[in-house]
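These protein sequence lines are chains S and E, in that order.
End of the first sequence sits at 145 in the numbering used here; the numbers just go up one at a time, nothing left out.
End of the second sequence sits at 1501 in the numbering used here; the numbers just go up one at a time, nothing left out.
Do not take every clue at face value.
[As the list claims (entries may be wrong)] With beta-carbon atoms standing in for the labels, derived distance ranges: (1) Arg115/S x Phe1051/E: 25 to 33 Å; (2) Val70/S x Glu1242/E: 34 to 42 Å; (3) Tyr90/S x Glu1199/E: 22 to 30 Å; (4) Met32/S x Met1198/E: 19 to 27 Å; (5) Tyr132/S x Thr1189/E: 31 to 39 Å; (6) Gln1493/E x Phe63/S: 19 to 27 Å; (7) Leu1468/E x Tyr90/S: 52 to 60 Å; (8) Phe63/S x Gly1456/E: 38 to 46 Å; (9) Leu84/S x Asn1195/E: 47 to 55 Å.
[To be verified] In silico contact screen, one side only, chain E against chain S (beta carbon under 8 Å); selected entries: (10) Leu1176; (11) Thr1179; (12) Ile1185; (13) Thr1186; (14) Arg1190; (15) Ile1194; (16) Phe1220; (17) Glu1221; (18) Glu1222; (19) Ala1389; (20) Leu1398; (21) Trp1411; (22) Leu1451; (23) Leu1452.
[Said to hold, decoys possible] Taking lysine-lysine pairs in the DSSO-like style, the calculated list, with each CA pair at most 30 Å apart, reads: (24) Lys1375/E x Lys1347/E; (25) Lys1347/E x Lys1288/E; (26) Lys1244/E x Lys1425/E; (27) Lys1244/E x Lys1379/E; (28) Lys1244/E x Lys1100/E; (29) Lys75/S x Lys116/S; (30) Lys1100/E x Lys1375/E; (31) Lys67/S x Lys1379/E; (32) Lys116/S x Lys1375/E; (33) Lys1100/E x Lys1425/E; (34) Lys1100/E x Lys1288/E; (35) Lys1425/E x Lys67/S; (36) Lys1100/E x Lys1347/E; (37) Lys75/S x Lys1284/E; (38) Lys116/S x Lys1244/E; (39) Lys1425/E x Lys1379/E; (40) Lys1379/E x Lys1100/E.
Hints in this document: simulated from the structure, not taken from any laboratory.
The structure presented is a predicted model; accordingly, all values stated were derived computationally and were not measured.
Where a beta carbon is used, it is the ideal one built from N, C-alpha and C, also for glycine.
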Amino acid sequence: MPIWIGEALISVILIVFAVTFYIISNNFPAAMNPVDVGPAAFPRLMAGLTILLGLAQLLMSIFGRAKDRVNIDNKWSFFLSLILTLIYLYLVPRVGYFHVTPIFLLVLMLVLGNRKWVQLFGTALGFALFSYYVFFKFLQVALPV
Amino acid sequence: MLENLLMGFQVVLQWSNLLALLAGTLMGYFVGAVPGLTPTVGIALLIPFTFGMDPVASIVMLVGLYMAAEYGGGITAILVNAPGTPAAAATAFDGYPLAKQGKAGKALGISIISSGIGAFVSSILLILFAVPLANFALQFGPPEYFALAVFGLSVVAGLSAESWLKGLLAVAMGLLVTTIGLDPITGITRYTFINDLMEGVPFVPALIGLFAVSEVLMLFEETKTGQLIIEKAAGALPTLNEIKSCASTIARGIGIGYIIGMIPGAGATIASFVSYNEAKRASKNPEKFGTGVIQGIAASESANNSAVAGVLVPLLTLGIPGSASAAVLIGALTIHGLQPGPLLFTKHPEVPYSVFACLLIAAPIMLSIGLGGAKLFAKVTLIPKSVLASVVLCICFLGAYSFGNSMFPVWVAFISGIIGYVLRKFGFPTAPVVLALVLGYMAESNFRRALLMGEGSYTIFFARPLSLVILILAVLSFGSPFVRNWLMRRAGQNVRAKQNA
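Chain E on its own, in the form it takes in the complex:
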């Protein structure tokens, strides 16, 4: 393996391949940063340009784009509360409040450092454990996927800062919306009043609306006649002590991101939300999450970048795409006459080991560009709000239009924006809605498939050990904020009783 890895480095370090990697990384930053342009779209757009390229150069460029795009989404999530990728939604929870405090540089710095470390360490995990972990991922069937969806939804309690009831209501609403479209098992249409709804409410435009457009509507209120710059940008990067304080969070995020990323269909979005929730649970001050806590940013970013390496596990070892982006990557490999799977390691070892080498080299490149650009990116907060609100709104609509090449996703983004604005005004969290939109289809389709597998018996969810373990974790995850609050109230009462005595 070491020999093959050294060969991979030799291949990637050739000038042409290094340039391809750099080009892919820069393109990835742009694609990731623009709401509506997902890594999948970026990879798909770049494939035609790779037709005439060497197979290794093209794969290296696409993988570089994929990795940088997952970080790029965090830039706009932090600066303007407009996550460029769904997986960056959790980054916005603490990233944007921190940027509003004038610490955009710190937020961006923690984001890129967590992403870089996450990408690098998960790449090592990929090299060492790809094959045995791929077999673990294959054990996931419909009951396990349903349990995973429930586990993902269980983080809602942690996302509902003010009121768990409002959070649950938001989740229920989101899950109801996911039933619009074609039924996943029978294929009949449900609530499709117009043809555009046949595929359901498109998730990415809804995410753009709930986060970015609602934020712009908030900015519409804040701009006043004659008001120009509101905040001074603080481009200062995080200190070494601040980075050290995120060490355990990043380590946890890497583990969560890698494992969840490995499960086909799970993806970076679920990984980032779960990692955020776990960081909040492990924190001594969970109530501060959502106000600009750097551990919140570190949790989300380390997980979503580690998920990239996780996604490559089933892709390279078994030829199974773990995400839409991975499916497009398979297309890229096929175009160059390469078939991903076990035989790729024997017939064309230079390809997978070049990918491994590319990931290890891309992480520091991404880190350098990100850190170097952080102070520049942070200057976005100096832009007058009238300009920022207008431009961000147009970018949102442009991104939404690019998603579906029609006005329908744009209207979805606008209407979701109004809904998100109203919900936020009255203290209803929007993050649980996003969570529900991500997981609703997965939950329903796998629930019903599992019942078909179990011939109608619900015991299938509890008879399979992996499914049972995940469901127990889901219950614990959901209940832990309430237990913690109860324990803290009791501790407070005991302290007051002692003081009175």
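Next up, chain S with everything else stripped away, as it sits in the complex:
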């Protein structure tokens, strides 16, 4: 993708984000103290700033049209890794951290190209033990089980 298109898209998204924040701020109550600028002032100021800067960036991107391109290398493994991560985060609270994490690590490393079984199983098991003894037992972090 040409970089200028990405820049323009990001600018548009930020402008929409800022406009949304601005519109929602209309529902904030006014400050009870007349001297206080109120809860809506800062969000509106920042939203306004974001809109102005976003428009400036948008125009700069469109008129500048930088020729560089942005690519995602290894698209297949990249997107698969992303989807795996999403599935992992979804499953952790439902299945349990210590059940899902070693499998996630194993599969992720396989997707990223590692084929050394010692490294695969060693890392998965080692990390599970590390998180169990250090975080769950010693630091008393209530990981989902």
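Fit chain E to the given chain S structure using the hints.
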């Protein structure tokens, strides 16, 4: 004072207290290195273990942890672009690029040396100037805090290497995000579509996402089938000449870190960013910052470790916690029946002077462990990227989960990671977003409090000398990169004109 200090050394140098200091330092390295485990968390976790200990031993252990944790954050910032503490974020700007060049040992070495010198010298400053400087810190009211926040934000121009417009846009976005949550003055909810957002977007998981998770997503692209080791680790430490070249940067960082650390609520993160920016401004080659310049690492690390001593100024002299970690330290002192403040120096002088002695002894201990471990830590770059990316990702999620004991911070880290990845891909810097997340709440809340103080008049910001000075510095700080670039372009044009003539 000298007698009390010697007494402090006598107390700290007892075997039990030395062991406590060593244990605290080692724990501090671990806590600091793991993203999501902040020094505050480490201190809070260690307090129960100190119940049965002697008060001096427990305080010495906790202070040792605090100091080592601020350095520990730099280890992962340099090796995997995952700052273990927010204050190490600025270390990653040059530390990680240097590690990618195969010079991880050099980066880690400069980091620990700067931290060690910073910690040692600031401890001396603490001993000599704690009381008068505490009174200076008390002069900071809402107008000064707002001015300080603006000054902190002014470094964005220096952080936006490619495009100042993209940097400003990133800051604006970050500041907008900080308005999510409870309004600081009225307490009404703003943009809290889910209950978890009542306290706003949690900063530490967002930092983990923007830096570490986005880096892992970059690594997802780089690993290929069958590819194993990418770089050879160069564990060589910095040379003496390289260390000498950082001398002025470290000195500046110590001053900045100590003074900013002293101001309650300011903290090591702001100190490290400001120090980094000042080092860049003072450099003859500012355009090289962000590519692996050792002065960038030295600036950040010397400042964030000096801030530890700065934070202890209001804590010990006035009983005012300057940071979340200091607040937890007050808890530790209270548990042992000690009340920080002026009376601590008269009723229990062995405690504050033991802290002073502990800081002076902890710095060389930390330095020894760090230098000794630097070559070992540098070997992380030998780990296959498939393993590194997977493990770092899981550590990030673990750290984020530990922050809030729920999945919400984990999702914040993941979504911030995707945002950070996209921003980086298209040349938008993420550092200004972090800066905005750190300073947004401080800026808004103090702006509004100042207006309440001034009964609605904006002149309050200019009528108070300290506030005015800081605002002027902020304007100068923001404008200086543009002025410098203009002067350099003009000098270039003059040279070309002379050559053509």
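Holds or violated: is there a CB of chain S closer than 8 Å to the CB of Glu1221/E?
-> It holds, given that the least Cβ distance between Glu1221/E and chain S is near 4 Å, below 8 Å.
Would you check the hint for Lys1244/E and Lys1100/E, treating anything up to 30 Å between C-alpha atoms as holding?
-> Holds, at roughly 23 Å.
Starting from Lys1244/E, check that the Cα of Lys1425/E is at most 30 Å away, please.
-> violated (36 Å)
Is the interface hint for Trp1411/E satisfied, with its Cβ closer than 8 Å to some Cβ of chain S?
-> holds (7 Å)
Cβ distance range 47 to 55 Å for Leu84/S and Asn1195/E, holds or violated | violated (29 Å)
Pair hint outcome, Lys116/S versus Lys1375/E [Cα-Cα no greater than 30 Å] | OK: Lys116/S and Lys1375/E at ~26 Å, within 30 Å.
30 Å Cα cutoff - pair Lys1347/E, Lys1288/E = Judged against 30 Å, a Cα distance of about 53 Å means the pair is violated.
With 31 to 39 Å as the target window, see if Tyr132/S and Thr1189/E comply at their CB atoms.
-> holds (38 Å)
Within a Cα-Cα threshold of 30 Å, do Lys1379/E and Lys1100/E meet the stated pairing?
-> holds (12 Å)
30 Å Cα cutoff - pair Lys1425/E, Lys1379/E | This hinted pair holds, its Cα atoms lying about 28 Å apart.
Given pair status - Lys1347/E, Lys1375/E, alpha carbons within 30 Å = It is violated: about 45 Å lies between the C-alpha atoms, which goes past 30 Å.
Taking the closest Cβ pair, is Thr1179/E under 8 Å from chain S?
-> holds (4 Å)
The structure is inconsistent with the numbered hints 1, 9, 15, 24, 25, 26, 31, 36, 37 and 38, although it conforms to all the rest.
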